[in-house]
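Asker: Residues per chain, in single letters:
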Amino acid sequence: MSVKLVIALFTDFGARDPYVGLVKARLAEHAPAQQVVDLLHDVPDFNPHAGAHLLAALSDDFPPASVFLAVVDPGVGTPRDSVALLAGGRWFVGPDNGLLSIVAARHDDTRLWRISWLPETLSPTFHGRDLFALIAADIARGEFPSSKLSPTNRLNVEFDAGDLARVIYIDHYGNAWTGVRRVQLDARVSAAGKPFRHADSFGFVGKGEGFWFINSVGLLELAVNRGSAAATFGLKIGDPVQIQRLS
Amino acid sequence: MSVKLVIALFTDFGARDPYVGLVKARLAEHAPAQQVVDLLHDVPDFNPHAGAHLLAALSDDFPPASVFLAVVDPGVGTPRDSVALLAGGRWFVGPDNGLLSIVAARHDDTRLWRISWLPETLSPTFHGRDLFALIAADIARGEFPSSKLSPTNRLNVEFDAGDLARVIYIDHYGNAWTGVRRVQLDARVSAAGKPFRHADSFGFVGKGEGFWFINSVGLLELAVNRGSAAATFGLKIGDPVQIQRLS
Amino acid sequence: MSVKLVIALFTDFGARDPYVGLVKARLAEHAPAQQVVDLLHDVPDFNPHAGAHLLAALSDDFPPASVFLAVVDPGVGTPRDSVALLAGGRWFVGPDNGLLSIVAARHDDTRLWRISWLPETLSPTFHGRDLFALIAADIARGEFPSSKLSPTNRLNVEFDAGDLARVIYIDHYGNAWTGVRRVQLDARVSAAGKPFRHADSFGFVGKGEGFWFINSVGLLELAVNRGSAAATFGLKIGDPVQIQRLS
Chain A
4 MSVKLVIALF TDFGARDPYV GLVKARLAEH APAQQVVDLL HDVPDFNPHA GAHLLAALSD
64 DFPPASVFLA VVDPGVGTPR DSVALLAGGR WFVGPDNGLL SIVAARHDDT RLWRISWLPE
124 TLSPTFHGRD LFALIAADIA RGEFPSSKLS PTNRLNVEFD AGDLARVIYI DHYGNAWTGV
184 RRVQLDARVS AAGKPFRHAD SFGFVGKGEG FWFINSVGLL ELAVNRGSAA ATFGLKIGDP
244 VQIQRLS
Chain B
4 MSVKLVIALF TDFGARDPYV GLVKARLAEH APAQQVVDLL HDVPDFNPHA GAHLLAALSD
64 DFPPASVFLA VVDPGVGTPR DSVALLAGGR WFVGPDNGLL SIVAARHDDT RLWRISWLPE
124 TLSPTFHGRD LFALIAADIA RGEFPSSKLS PTNRLNVEFD AGDLARVIYI DHYGNAWTGV
184 RRVQLDARVS AAGKPFRHAD SFGFVGKGEG FWFINSVGLL ELAVNRGSAA ATFGLKIGDP
244 VQIQRLS
Chain C
4 MSVKLVIALF TDFGARDPYV GLVKARLAEH APAQQVVDLL HDVPDFNPHA GAHLLAALSD
64 DFPPASVFLA VVDPGVGTPR DSVALLAGGR WFVGPDNGLL SIVAARHDDT RLWRISWLPE
124 TLSPTFHGRD LFALIAADIA RGEFPSSKLS PTNRLNVEFD AGDLARVIYI DHYGNAWTGV
184 RRVQLDARVS AAGKPFRHAD SFGFVGKGEG FWFINSVGLL ELAVNRGSAA ATFGLKIGDP
244 VQIQRLS
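So the protein sequences, as listed, match chains A, B and C. For the first sequence, our numbering begins at 4 and goes up steadily by one. For the second sequence, our numbering begins at 4 and goes up steadily by one. For the third sequence, our numbering begins at 4 and goes up steadily by one.
Read the hints as simulated data drawn from the structure, not as lab findings. Take the hints with a grain of salt, since some may be wrong.
[What the hints assert, rightly or not] Listed next, the in silico DSS-like pairs over lysine-lysine satisfying Cα-Cα at most 27 Å (straight line):
1) K151/B x K197/B
2) K151/C x K239/A
3) K210/C x K239/C
4) K151/A x K197/A
5) K239/A x K197/A
6) K197/B x K210/B
7) K210/B x K210/A
8) K197/A x K210/A
9) K239/C x K210/B
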């Protein structure tokens with residue numbers, strides 16, 4: 004069984020809009036043998052900070068040598084830099100606006116390159132298709148594009164790589180993900196002025212009851228059994244979460 | 004032309020959330036040569052009953068030997084069983100909570116196995132990724148995982164395999180699918196207190212007019228030409244439909 | 004690097020419904036080696052006119068010999084014709100209701116065929132799966148289905164192939180696409196009674212400010228930096244846009 008290299012798409016392009024399809028048309032031309040996986044296209048709009056925490060948690064779950072095309076880029080077309088990086092054995096390509104900074108900081112072996120190349124045609128509003136997809140395709144094909152990249156020592160924009168005690172994602176069930184990792188089960192967690200109890204999973208609390216758990220990518224998540232934590236507690240992206248660690 | 008085996012995903016994970024991408028990362032590692040098709044990720048949340056009727060109707064439309072990864076699993080992480088089954092020449096893997104019971108009951112050749120294996124890492128909230136995807140991948144690669152399965156004679160949870168005269172799905176147009184099959188065209192159908200006439204397709208009734216038809220997977224569906232039956236008649240998942248068969 | 008032929012799906016089937024998965028099951032059987040790309044499944048419902056302008060703009064961005072399965076088909080099941088066509092080196096298959104007429108008119112080399120074949124099983128509400136997918140698969144496999152097609156000189160339904168100065172799509176950010184191409188940067192643009200200034204991209208205007216730009220597929224688009232043009236200005240599909248060309 005030969006493993007097929009994965010190109011994972013992580014964007015705020017929206018799952019219902021044509022942007023993802025346009026990117027995939029480019030990848031079909033430039034990396035036809037690789038497998039493209041839609042990881043997330045609903046990163047909170049215009050929010051590289053939430054996106055950076057999500058990407059760091061989600062990408063750990065992918066096979067070695069996966070290539071992440073990561074684009075949450077409200078500054079597209081303005082003079083912000085773009086970068087490629089290798090961290091934890093996986094590749095990341097995207098804007099230098101902080102989006103890749105947390106995954107970069109959390110690995111010891113991180114190597115960084117600034118993208119110095121410009122394609123012949125570059126839409127000022129769609130570098131995801133015209134620039135990042137082509138660099139990601141080169142890497143995914145195993146043809147590292149040295150001539151298009153310059154090694155660098157640091158990113159221009161770096162977010163704090165520690166935990167973020169805020170809501171960073173709300174899924175369609177209404178579960179609220181936070182940017183907090185490694186919480187002991189005796190911690191006291193509250194949000195929206197209410198305490199949340201711990202449970203391992205949904206079926207261990209009553210219907211409609213709120214609780215917190217460590218989710219499948221290692222983040223503290225607030226949920227309601229068979230209901231929506233966001234609707235029940237009025238939670239939204241950016242809301243603070245209080246965590247009192249007892250051990 | 005060699006036929007590529009299909010792994011079909013049927014879940015309530017949501018088309019916009021990262022859960023499907025995390026499952027696909029596992030499938031890319033463990034079944035890299037198979038083709039993954041997103042069948043439905045908006046099975047009504049927490050509703051294995053509606054899901055069971057949808058799965059039975061939709062799966063009949065897939066090629067022989069397709070493998071369905073079917074997960075609507077509000078009890079994930081609690082001590083409910085998980086199963087693999089072969090029915091009508093297709094494979095199904097998922098929780099033993101009724102979701103697979105209708106497809107199992109509607110075929111004569113159904114064979115059942117309880118999943119007795121646990122993976123090294125098992126998130127209490129994401130058996131779809133950590134357990135079901137791996138079993139589905141084994142089967143899809145043609146390496147039946149005998150050591151991970153025990154033959155069994157029956158499911159723990161079985162829904163009535165007859166028709167369900169209720170709304171089981173509402174699509175984005177607002178069309179309301181029911182769990183009713185094989186209705187003669189002279190049947191009298193009503194819902195939300197209103198009679199519906201029969202038409203073969205949308206263009207045979209006036210704009211804004213309601214009607215019923217047998218949809219492309221054999222289920223009775225309520226619709227409005229160029230409009231939303233759900234909005235027009237206030238229909239929602241679980242609403243009863245009255246059917247008076249005249250022949 | 005061998006290029007894999009792309010089958011692009013362009014429909015109003017909805018990204019969250021099971022219709023796309025049912026089409027892909029057919030394509031997996033009949034064109035297993037080709038790559039299927041979801042271009043857009045949220046073409047405005049029942050609106051072949053907006054769809055025709057979107058398709059003409061979006062398809063230009065795809066590799067030569069791509070095959071478009073294009074279905075926005077409120078008249079499905081009624082006696083409207085279906086067609087296959089080759090335009091600009093790409094293939095298109097769908098209903099003869101105007102949806103393909105703009106891409107046909109905008110290329111000099113367009114060749115048209117009427118689909119004269121009927122499959123054994125044909126759902127009156129889902130020609131996308133039962134008819135168009137099979138024709139598209141034949142073409143994508145390189146086995147042109149001459150016996151299923153009759154050459155023809157013109158489409159039954161033809162929309163004006165010039166620009167359409169109306170909103171034809173609203174994306175999830177709230178950006179409003181129009182059917183207008185090739186506007187000089189000194190043009191005066193207004194919509195919803197408000198003038199819009201030009202900017203190359205989002206980051207060049209203030210947060211919350213409206214502007215217009217030429218988008219990544221060549222269409223004039225109305226947007227708000229880090230906000231929704233649709234919500235800010237009350238824009239919806241079909242709304243007129245005023246363009247005064249000064250040069």
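Asker: CA of K151/C to CA of K239/A, is that 27 Å or under?
Answerer: 54 Å, violated
Asker: Checking one constraint from the list: CA of K210/B to CA of K210/A, max 27 Å. Satisfied?
Answerer: 42 Å, violated
Asker: Hint check: K239/C vs K210/B, CA-CA at most 27 Å. Holds or violated?
Answerer: 21 Å, holds
Asker: Need the status of pair K151/A, K197/A: alpha-carbon distance at most 27 Å?
Answerer: Since the Cα atoms of K151/A and K197/A sit roughly 52 Å apart, the hinted pair is violated (cutoff 27 Å).
Asker: Check the hint pairing K151/B with K197/B against an upper bound of 27 Å on the C-alpha distance.
Answerer: 51 Å, violated
Asker: Does K197/B pair with K210/B here, judged by a C-alpha cut-off of 27 Å?
Answerer: Holds, at about 17 Å.
Asker: Given the proposed pairing of K197/A with K210/A, does the C-alpha separation stay at or below 27 Å?
Answerer: Holds, because 17 Å separates the two Cα atoms, which is no more than 27 Å.
Asker: Do the alpha carbons of K239/A and K197/A lie within 27 Å of each other, as the hint requires?
Answerer: Holds: K239/A and K197/A sit about 15 Å apart, inside 27 Å.
Asker: Is K210/C within 27 Å of K239/C, Cα to Cα?
Answerer: Since the Cα atoms of K210/C and K239/C sit roughly 22 Å apart, the hinted pair holds (cutoff 27 Å).
Hints 1, 2, 4 and 7 from the list above are not met by this structure, while the remaining hints are.
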